[in-house]
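All chains, please: the whole structure from these sequences, using the hints.
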Amino acid sequence: MTTETAPRPLTERLEPYIAIIGPMVMILAILIFMGVAEPARYFRTSNMNLILLDAALYMPMAMAMTFVITQRGIDLSIGSIAALSGIMMAFLIKQYGFSVYVAVPIAIMLGATMGLINGLVITRLNVPDLIGTLAMDLVYRGFALVLAKGLVLARFPDFLTDMGRGRIPGFVPIPVLIGIATMIAGYFLLTRTYFGRYTVAIGSSPEAAELTGISVNRHKVFAYVLCGACAALAGVMLTGKLNAIQATSAPYFNLHVIAAVVVGGTSLFGGRASMLGSFAGVLLLSMMINALVTLRIEFFWQSVASGVVIVSAVALYAWMQKKDRDGAGSWMASLQTPDGQKMLRFSAAIIGVLIALLAIGGLTAVDPTPSG
Amino acid sequence: MTENSMPAPLVKMRGITKRFGGVTALSNVDLDAYAGEVLAIVGDNGAGKSTLIKILTGVYQPTEGDIFLDGEKVDFSSHADAITRGIDAVYQTLALADHLDPPANMFLGNELTRSVLGVTILDNKRMRSETERVLMERLGVTLKSLDAPTESLSGGQRQAVAIARAVYHEGLRVLVMDEPTAALGPQETARTLKLIQTLKDQGLAVILISHSLDDVFEVSDRVHVQRRGQCVGTVRTADSNTQEVLGLIVGAEEAA
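Same order as they appear, the protein sequences are chains A and B.
Once you know that position 204 of the first sequence is 204 in our numbering, the rest is easy, because the numbers rise by one and skip nothing.
Once you know that position 192 of the second sequence is 192 in our numbering, the rest is easy, because the numbers rise by one and skip nothing.
Worth flagging that the hints you see were computed from the coordinates, not collected in a lab.
Treat the hints with care, since some could be wrong.
Here are the simulated DMTMM-like pairs of lysine to aspartate or glutamate, each with C-alpha atoms no more than 25 angstroms apart in a straight line [to be verified]:
1) B:LYS12 - B:ASP32
2) B:LYS54 - A:GLU210
3) B:LYS54 - B:GLU72
4) B:LYS54 - B:ASP239
5) B:LYS54 - A:GLU207
6) B:LYS73 - B:GLU111
Away from chain B, derived, C-beta distances all over 12 angstroms, residues of chain A [stated by the list, open to error]:
7) ILE214
8) GLY340
9) THR364
From the three backbone atoms N, C-alpha and C, an ideal C-beta is built for every residue, glycine too.
Laid out in structure tokens, this is it:
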């Protein structure tokens with residue numbers, strides 16, 4: 001690959017691999033940083049286990065979300081699907097005495113059904129993906145609250161806790177095996193099956209897919225069903241991990257998973273999928289959050305860090321996509337253009353008004369009276 | 001093809017009329033296409049060129065009129081029907097998925113598979129070798145890389161992939177090309193015209209829709225001129241010139 005052609009610029013040769021290299025570099029950066037800042041506590045085996053356990057939960061969903069996003073879709077309902085199918089499974093086991101070996105497959109099929117509903121809402125009722133899954137997220141979460149009524153269902157059979165946090169002695173935890181198995185299955189689906197091939201084609205050019213006789217709507221529904229089933233699997237794993245489930249579990253699954261997939265180089269504009277990237281993205285986010293905890297940074301900063309990572313990753317990919325980078329070399333140069341000047345004055349005005357208001361507030365301030 | 005000893009036309013369209021609601025897009029159009037011949041269809045925007053070929057390729061059904069393929073009356077209810085009978089089209093947009101590699105595009109919707117332990121999976125290796133073979137044998141084209149996404153190819157190479165997709169079907173007899181050179185530079189245009197020549201020599205009936213009279217005169221054997229939904233004349237390219245065809249297109253003779 002690298003030896004046959006005339007020397008091309010390094011960036012051009014690296015471009016096909018950027019989806020893998022991006023998250024790898026960031027993972028390496030975290031490793032190096034933590035190696036300097038907090039090596040003893042971060043690199044403990046028990047901590048590595050924690051990171052893997054956390055990442056394992058997101059792997060099935062990241063795999064499925066890779067397909068949905070590659071088809072130019074998005075699924076915001078996975079958190080609620082995980083919670084609702086987890087709760088229904090818990091009720092089946094605790095209240096109706098179902099065997100856990102039946103209840104777990106039932107939970108996954110329930111998730112698949114919810115995914116099917118998502119897919120049909122989007123393809124049959126022509127509701128845009130974003131609104132459709134956002135609304136269904138509310139519906140599923142609502143049902144979970146109605147069913148559980150604030151109850152915490154806890155203490156499940158061993159099979160479930162094994163799925164969530166068990167480990168093969170001297171080897172990795174079982175959920176990690178499940179997670180990696182789903183990622184491998186996803187890679188196989190993406191590269192070796194009609195579904196994967198058509199997923200890329202649909203995301204790349206829906207018109208071309210339609211013209212070549214691919215049933216675009218059917219394959220969209222497939223992706224949402226896969227996403228629902230994987231979300232339910234994550235719900236089962238979460239229930240097992242905590243040995244408890246409640247209606248408000250899994251609150252930010254959707255954004256975390258979308259972030260992992262996008263950081264991994266799968267394009268939100270469709271057609272560009274990277275299963276290995278999604279795997280790396282999941283690892284990266286888990287490592288970052290764990291690093292923040294290890295550094296004893298307040299929990300709420302996690303949200304800030306996740307947001308910053310997403311924006312920088314997407315901005316990096318957008319920049320990589322831009323073929324014509326002449327003149328973009330100096331970022332400052334764009335401020336010299338007339339439009340840049342206008343934007344600069346506009347930004348200055350907003351910040352100026354804010355500072356002025358703060359100054360007025362500060363000058364007119366009286367002794368504060370605590371509210372209650 | 002020689003002048004007077006013309007065999008029966010491969011495609012015969014007779015009295016084709018197409019109405020969309022109150023609008024008559026085509027009225028009573030006849031068209032003949034012969035094997036081993038390039039028939040160009042020219043005409044102004046809205047003259048009915050696209051409607052005519054969409055009827056031939058089964059995308060639209062005619063309101064009135066009959067289509068004969070090899071003397072046999074055919075009724076296409078869909079584009080897939082027409083493809084099974086050996087009529088396919090290469091669209092102006094080429095209908096390529098830019099993120100997929102050329103073999104994936106060539107077999108899009110028609111993938112080669114193999115079975116592993118009873119599970120059907122895509123046979124990427126065979127699709128790759130078949131793509132290489134078809135591009136080389138039928139079109140005389142070799143791509144630098146079959147692994148790069150199709151978007152990295154030049155316009156002419158993309159065209160070749162789209163054509164290869166159509167000619168891979170062994171039973172292909174009629175290939176319709178809609179504005180194949182519209183988005184290409186001079187060099188790529190020349191290459192595409194050579195591809196059309198190659199296909200013609202292989203005995204296909206090629207129907208070419210084009211706005212570029214230069215291309216039409218370079219590659220076609222006959223020119224079918226559409227104007228306002230009607231066929232205003234079919235001329236033999238060798239006996240005609242740009243001026244005459246242009247006159248037919250804009251209806252200068254009528255006005256004079």
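(request) Could you tell me which of the numbered hints above are not met by this structure, giving the numbers in increasing order? (result) 4, 6 and 7
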